[in-house]
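Colleague: Chains A, B, C and D, in that order, give the protein sequences.
Residue numbering for the first sequence follows this note's numbering, starting at 22 and increasing by one per position.
Residue numbering for the second sequence follows this note's numbering, starting at 22 and increasing by one per position.
Residue numbering for the third sequence follows this note's numbering, starting at 22 and increasing by one per position.
Residue numbering for the fourth sequence follows this note's numbering, starting at 22 and increasing by one per position.
Just to be clear, a hint being listed does not mean it is correct.
From the structure, some residues in chain B lie toward chain A, with a derived Cβ separation under 7 Å [said to hold, decoys possible]: (1) D133; (2) I134; (3) K137; (4) H141; (5) G223; (6) P225; (7) K235; (8) A249; (9) A255; (10) G258.
Rather than coming from a laboratory, the hints here were simulated on the basis of the structure.
Yeah, the Cβ is synthetic: ideal placement off N, Cα and C, and Gly gets one too.
Each chain, letter by letter, is given below.
4 protein chains.
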Amino acid sequence: MISEATIESAIRELVLANRILSRENVIDDFGHVSVRHPTNPDRYLLSRSRSPEIVTRDDIMEFTLNGEPVARDARRMYAERAIHGAIYLARPDVQAVAHHHTRSVLPFTVTDIPLKPLFHMGAVIGHDVPVWDSQAEFGDTNMLVDDLPKGYSLARALADGRVVLLRGHGSVCAASSLPAVCFVSIYLKENADLLLKTLPFGPPKYLSAGEIEKTAAMLLGPMPLARAWDYWMARAGFPGL
Amino acid sequence: MISEATIESAIRELVLANRILSRENVIDDFGHVSVRHPTNPDRYLLSRSRSPEIVTRDDIMEFTLNGEPVARDARRMYAERAIHGAIYLARPDVQAVAHHHTRSVLPFTVTDIPLKPLFHMGAVIGHDVPVWDSQAEFGDTNMLVDDLPKGYSLARALADGRVVLLRGHGSVCAASSLPAVCFVSIYLKENADLLLKTLPFGPPKYLSAGEIEKTAAMLLGPMPLARAWDYWMARAGFPGL
Amino acid sequence: MISEATIESAIRELVLANRILSRENVIDDFGHVSVRHPTNPDRYLLSRSRSPEIVTRDDIMEFTLNGEPVARDARRMYAERAIHGAIYLARPDVQAVAHHHTRSVLPFTVTDIPLKPLFHMGAVIGHDVPVWDSQAEFGDTNMLVDDLPKGYSLARALADGRVVLLRGHGSVCAASSLPAVCFVSIYLKENADLLLKTLPFGPPKYLSAGEIEKTAAMLLGPMPLARAWDYWMARAGFPGL
Amino acid sequence: MISEATIESAIRELVLANRILSRENVIDDFGHVSVRHPTNPDRYLLSRSRSPEIVTRDDIMEFTLNGEPVARDARRMYAERAIHGAIYLARPDVQAVAHHHTRSVLPFTVTDIPLKPLFHMGAVIGHDVPVWDSQAEFGDTNMLVDDLPKGYSLARALADGRVVLLRGHGSVCAASSLPAVCFVSIYLKENADLLLKTLPFGPPKYLSAGEIEKTAAMLLGPMPLARAWDYWMARAGFPGL
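Go ahead and model the full structure; you've got the sequences and the hints to work with.
Modeller: Next comes the structure, spelled out in structure tokens:
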């Protein structure tokens, strides 16, 4: 009984995260967000193949870390769900994963300009954000992370960070909860956008390593996450939750 | 009977494509989208002269490939319908055509910067996007493709591609279905916008020829088109369709 | 009787123009739009001092070309109504005037980059757009065109054109009807925005003088104006009008 | 009785200012706005820790200038409320304070480009806008102004101006009323955004010192403030107030 309520609560939060990342213009028609199963760490929850803006409770499916659906289910699945399983396997500390194609992040995947925290809210992306290029290991592909070897390769590039960029494709964020993965995703976008605005005017003063560490620890604490989550829910049309 | 239902279904999809291209900021007050007649390949369906955002079922008219209305009809027609007939004539594989003035595409029509796929979703525009300049063949005009000779000239520039740009004017997309022509139109805009953001930071790494081919084939397959169409319909205010 | 209906119709169209220029992001909290009185060319109609987004029928006042209210009226008036009277006095062909601070136009008022038509819709601004600088004749001011001498000076700068820019301030458009002044205002903004996007990539190919003339004549004809007006009305929340 | 109505009126205006600064995209999930207590100058009113977009009447708390809540209250408080108390202490003329992270202002906090009035509405920010860098006095921190010493340091940087920027963080505005602090905040953002658009095209012509002084005095007078406030209220969803 307790377990079922726990699962229901995780599913509900996952649906909200889908809606929030759409409303905040991080995810559009493609992209997805998952959460590790709350009582079975070898499973994760993810929508069937559907745009996050219209995901509902009944779209959520349960997967093994290999990306196999746990229940018999004929519904279409995201082609890139290997991203989620590979990261949950490599990173026991990660409880939520999001993949998106936010436009402002893309220039940092195809040029040499580095994506570093420029304002306090951007500290959550960490000092150095790696770029994974599917060409290096897999040559010409359809650009999707659509099998486990590509997922494992991407997870290695992520290493112990919160963000990895994908060349000519987008980004993946990994964090300790759904509110945290939304926070990292949204401020990844905001910090990238700010860098694009600022860089034409000469080398800016980035946050120092010490500032990044202290600010990220503060921002990913319970108070800022709760304040941001309440705000995002209201904007996504769920003010009473 | 079957034929009538088929036509009704095509008209309904055409009205949705009008609304979708408006909602996604590809078309504003001017611009239009058509579909080849589903049972008579020598005809096409297109709205009377009206902004796509407010097009309804009763605005749709039937035209010959010369741009003549099939029924007696005193309503005003788009001055540039020659674009549609000329492309349907030259390209039996094309089932849907859209013309628009998306702002982010325009810089590529009046400068030498090339419009090439920079992220996976942009692969649908193809390797090289030609630019048609009405000056070359027709001198000073009112800039409209308002007769068949201009339409034929434009269709020659399009050749066997999916996109052609019009200098100081806009773009035309041609594809195998209404969802596909919406997909090409929307990601043409997104890829152009991304290039404008990226180019100030030095020569970017574009998608390779092999990546473009594989990614476009995948994106224009039934699964991505269905996912995007559902998303666009929900955003355009038709969630239940 | 006929006269009264004519005036009511002009007032109604003026209220719509207020709402349209707000909805299309040309005017924000400040800025205004007027129409020459339909039966008395020595008068014009303009709202009391109020943001155009919330102007209603009862806000419209009647003014002499000197900016005096015709009726006893204690309501606050726009400080810059001299713009309207001065232009109606100097230009018998002008039936509608709009003043706004659209952001994308402002860079062209404080640098040397010229504002010229770059795409067909921009042709309505004409070949050369003059810049009026209040410093030249009036020295340090509060930047407002708040008396008749400044209004007359501005009208001289406008000469026989449709657009004049105000240094560090904004722009004024003058045209032969309210739909036409909305069209010029909106595409002034769009063309300026397009130039800002394009100029970083090198000198663009502008429209030729012949193209500007032919395209502007076509765009300010009844068909394009009617199509645009229907679209703007629907977007401003008046779909049935 | 009179005093209670005065306080109620101040609280109501403060809630509106919260909503307005959110609606106008000055404040997002973080940031806050306060007003000096209308009958006790040693106190100020500020919401509990909550995003301004969803602040309501019951969220408003009363604080001493040291940032202590006057009533016993277990609710979470903004970590940066020292900003407000420190400025009310240093500046008897200031009746309202706002803190935000408007993106367009941030490039001016991490590069050498100066933030100066470029159009008439920007005159309200004053001739020179100082930048406060927490590093200078406090070294590596979590970037927040989260104690009184930092608040006092920031208030010294603000000096007798209306705006101070915070390096890699955001800005603080101080003015003589809630409408005035909203006006300064919104046009700080607009002027910064305009500068970012303009500076790539060479050194612009800024407003002269005399123009800034005359224009700011005019704009912060009762008529422009009332017009802007009515407009903002309508946009924030309170048209009848």
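Colleague: Each hint should be assessed against the structure and marked as holding or not.
Modeller: Against the structure, the hints come out as follows:
The beta carbon of D133 of chain B comes no nearer than 20 Å to any beta carbon in chain A, farther than 7 Å, and the hint placing it at the interface is violated. Hint status for I134 of chain B relative to chain A: violated, with the closest Cβ pair at about 15 Å, above 7 Å. The beta carbon of K137 of chain B comes no nearer than 11 Å to any beta carbon in chain A, farther than 7 Å, and the hint placing it at the interface is violated. Using the Cβ-Cβ criterion of 7 Å, the hint placing H141 of chain B at the interface with chain A is satisfied: the shortest such distance is roughly 4 Å.
Among the interface hints, the one on G223 of chain B holds; its C-beta lies about 6 Å from the nearest C-beta in chain A, closer than the 7 Å criterion. Given the 7 Å rule on beta carbons, the hint for P225 of chain B holds: about 4 Å separates it from the nearest Cβ of chain A. With a least beta-carbon distance of about 4 Å to chain A, the hint placing K235 of chain B at the interface is held under the 7 Å criterion. The beta carbon of A249 of chain B is positioned within 7 Å of a beta carbon in chain A (closest approach about 5 Å), and the interface hint is therefore held.
Interface restraint check for A255 of chain B: the shortest CB-CB distance to chain A comes to about 5 Å, inside 7 Å, so the restraint holds. For G258 of chain B, the suggested interface contact is broken, since its CB lies about 13 Å from the closest CB of chain A, more than 7 Å.
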